[in-house]
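Using the sequences and the hints given, assemble the complete structure.
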Amino acid sequence: MEGNMVTIDNTKRDKAIDLLRSESDSKLVTHLNACVRCGLCADSCMYYLAMKEPKYIPSVKVNMVSSIYRKYCTFEGKIAPALVNAKKLDEEMAAEMVDLLFGACTMCGRCVKHCSIGVDIPFLVKKGREMLATMDLVPETLQSTVDAAVNTGNNMGIPTEEFVDTIKWMEEELTDEMQDERARIPLDEQDKELFYTLNPREPKFFPLSISAMAKIFYAANAEWTLSSKYYDVTNYGYFNANTKEATIIAENLYNEVHRLHGKRLILGECGHGSRANRWEGPNYLKKKYDFDTVTVVELIAEYIRSGKITLDKTLNKEIYTIHDPCNLVRNGGLMDEIRFVVKNAVENLVEMNPYGKDNFCCGGGGGALAMSEYNDRRLKIGKIKADQIAKTGAKVVITPCHNCVDQLTQLNHTYKLGVKIVTISEIVADALVINNK
Amino acid sequence: MDCSGCCALIASGICFLIFLARFIHLVRLGNPKDLSQKSGDTKKAVKYSFTEAMMPKNKESAYLHLPTYIAGILYHIGTFVTLISFVSFIVISFTKISIPYSVSLIVAIILAPAVISGISILIKRIFSKELSLLSGPDDYISNIVTTLAQLLTAIFLLLPEAGDIYFIVMTLFFLWLPFGKTRHLMYFFFARYHLGYFYGWRGTW
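Chains X and W supply the protein sequences, listed in that same order. The end of the first sequence is residue 437 by this note's numbering, with every number in the run present. The end of the second sequence is residue 642 by this note's numbering, with every number in the run present.
In short, the hints are calculated from the structure, not lab data. Just so you know, not all the hints are guaranteed correct.
[As the list claims (entries may be wrong)] Listed next, the in silico DSSO-like pairs over lysine-lysine satisfying Cα-Cα at most 27 Å (straight line):
hint, chain 1, residue 1, chain 2, residue 2
1, X, LYS55, X, LYS380
2, W, LYS475, X, LYS192
3, X, LYS55, X, LYS204
4, W, LYS566, W, LYS496
5, W, LYS496, X, LYS88
6, X, LYS126, W, LYS533
7, X, LYS343, X, LYS380
8, X, LYS15, X, LYS78
9, W, LYS496, X, LYS288
10, W, LYS481, X, LYS71
11, W, LYS481, X, LYS263
12, X, LYS204, X, LYS15
13, W, LYS480, X, LYS113
14, X, LYS52, X, LYS287
15, X, LYS126, X, LYS113
16, W, LYS496, X, LYS383
17, X, LYS244, X, LYS15
18, W, LYS566, X, LYS288
19, X, LYS168, X, LYS126
20, X, LYS287, W, LYS475
21, X, LYS383, W, LYS494
22, X, LYS391, W, LYS494
23, W, LYS533, X, LYS113
24, X, LYS391, X, LYS357
25, X, LYS357, W, LYS484
26, X, LYS168, X, LYS244
27, X, LYS87, X, LYS15
[Unchecked claim] Chain X is faced by these chain W residues, among others (derived, beta-carbon under 10 Å):
hint, residue
28, LEU466
29, LYS470
30, THR488
31, LEU501
32, HIS502
33, TYR506
34, LEU520
35, PRO537
36, TYR538
37, SER557
38, ILE578
39, PHE616
40, PHE625
Glycine included, C-beta positions come from ideal geometry on N, C-alpha and C.
Shown next, in the form of structure tokens:
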């Protein structure tokens with residue numbers, strides 16, 4: 001949408017501006033007033049680092065949203081807009097917002113940690129996206145992903161029959177491999193301890209990651225089930241910032257956990273899906289969840305600590321590195337938990353530089369992978385991650401996020417890294433010591 | 438106190454009341470009402486946000502830009518000294534106490550690097566391609582008014598006859614403070630608080 005003009009309906013524009021007047025707590029008004037435009041966030045943003053254009057500096061994105069706030073919501077912005085950088089929300093501004101807030105920010109939050117003030121930049125970017133969603137200005141590609149999830153129950157629009165067939169096929173393979181009829185992939189079973197979820201990319205493109213997790217469940221003797229209808233852990237409503245749609249998607253999963261009487265919702269390997277359900281879900285639904293919501297990383301760590309599964313790390317002999325998904329690590333607090341699992345599953349781990357809370361996004365977050373119009377930009381910023389991987393000398397990159405897997409796979413191809421990209425469950429499944437006698 | 442002093446006093450009062458009203462408003466609005474299950478320790482993380490997280494080694498905005506970071510620190514020290522000096526002048530004007538010259542000299546010496554830092558930050562903003570794109574009148578006005586306030590404070594400390602111009606500049610400074618980006622004087626603390634609260638809730642810090 002770069003350079004394209006957009007049309008704004010005035011009523012919707014007013015509703016979008018009203019979002020900036022929200023006073024549910026002090027966070028929004030604080031961050032709208034805190035940026036001093038020092039520009040020091042530039043070097044923390046992969047868009048700026050990769051392209052060196054001033055428009056990609058995070059504070060430019062903040063300033064788009066806060067300048068509208070000043071124009072319509074402050075005394076000084078109303079009487080002397082030119083003096084205080086207050087700007088109108090017109091077509092030109094909206095087009096720039098679409099380009100920069102959707103097309104040039106993965107909301108990874110790296111800039112926040114390094115901001116000299118502590119401005120929550122992705123929080124304001126998301127607020128800007130909410131404004132654009134209110135004006136029906138979400139990029140069509142991203143919107144179609146959300147529409148698929150709302151209309152079919154999963155973001156790839158996989159028909160239930162196709163999904164069930166894939167699962168049955170994977171189950172047969174698993175049963176054969178384990179030579180045990182108890183090695184199953186249960187579907188729609190009620191009153192199970194664990195309600196497991198998947199990224200729809202798994203049944204579509206990476207079915208082996210489903211059987212890897214099923215193998216772990218089998219080894220742990222876990223009682224679990226998948227739903228054949230609402231198994232999708234993702235919620236692209238978080239990225240298109242349409243709260244109503246995000247709520248529908250989160251509610252579908254919530255209701256399905258209740259329908260099958262699941263006791264714990266296990267979030268499959270998906271960074272934003274984990275975030276959208278673990279942290280945002282209860283706020284979308286405006287109620288505390290009455291079941292535990294746990295990421296698969298935490299569950300595997302629990303299995304290792306309790307001795308429910310035994311791993312032999314000598315079975316994974318390559319040199320491994322970890323790519324930290326932003327939504328699980330910087331925005332999810334799982335840095336140590338991921339390392340605990342990986343260090344139990346592999347012999348040789350080399351960290352990237354920087355890693356953990358300071359790690360760079362893969363470049364595919366924030367809905368970027370769903371927005372094909374920004375593909376060139378996405379691959380260009382991914383060079384930072386590609387260089388990080390190359391410097392480790394690792395042969396395998398582990399990441400507990402299928403979105404990251406996708407982007408890293410494309411980077412692997414584009415920058416000829418010659419590495420293998422795997423999820424945590426795959427690496428753990430490879431290290432499992434199974435005694436099924 | 439003469440007319441210019443009264444103007445500065447009134448302006449500082451207006452400034453204080455605006456900040457006070459905003460402070461009360463923010464405190465009343467309170468924390469985000471997060472319904473997700475808390476994973477970490479928000480109090481510990483808020484403390485971390487104001488302490489270790491601010492250390493240069495933990496922030497690229499500091500360790501990748503040390504000269505700017507140091508200039509920024511000196512500049513902010515200068516601003517606090519300017520504010521404290523103003524309060525001192527007002528208090529003293531109602532008493533018969535006078536500031537010893539040695540104290541005035543020390544404060545002026547503290548202010549000198551702050552003024553130089555303010556000017557250097559302004560020059561950087563004017564000549565840096567990135568910063569000039571980011572900047573608007575607010576950025577320049579905020580810098581100039583604050584740097585002038587520091588400079589005039591130093592001059593007034595050493596040359597009491599500069600009182601009129603000092604109080605005029607301080608009047609402008611106080612009238613601009615709540616409306617320009619200088620308002621981060623208060624919002625900075627809330628932003629650091631929210632940052633700690635967010636990361637603490639999720640167990641990141």
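Next item on the list: Go through the numbered hints given earlier and state which of them the structure violates, listing their numbers in rising order.
Entry: 3, 5, 6, 7, 9, 10, 11, 12, 14, 18, 19, 23, 26, 30, 34, 35, 36, 37
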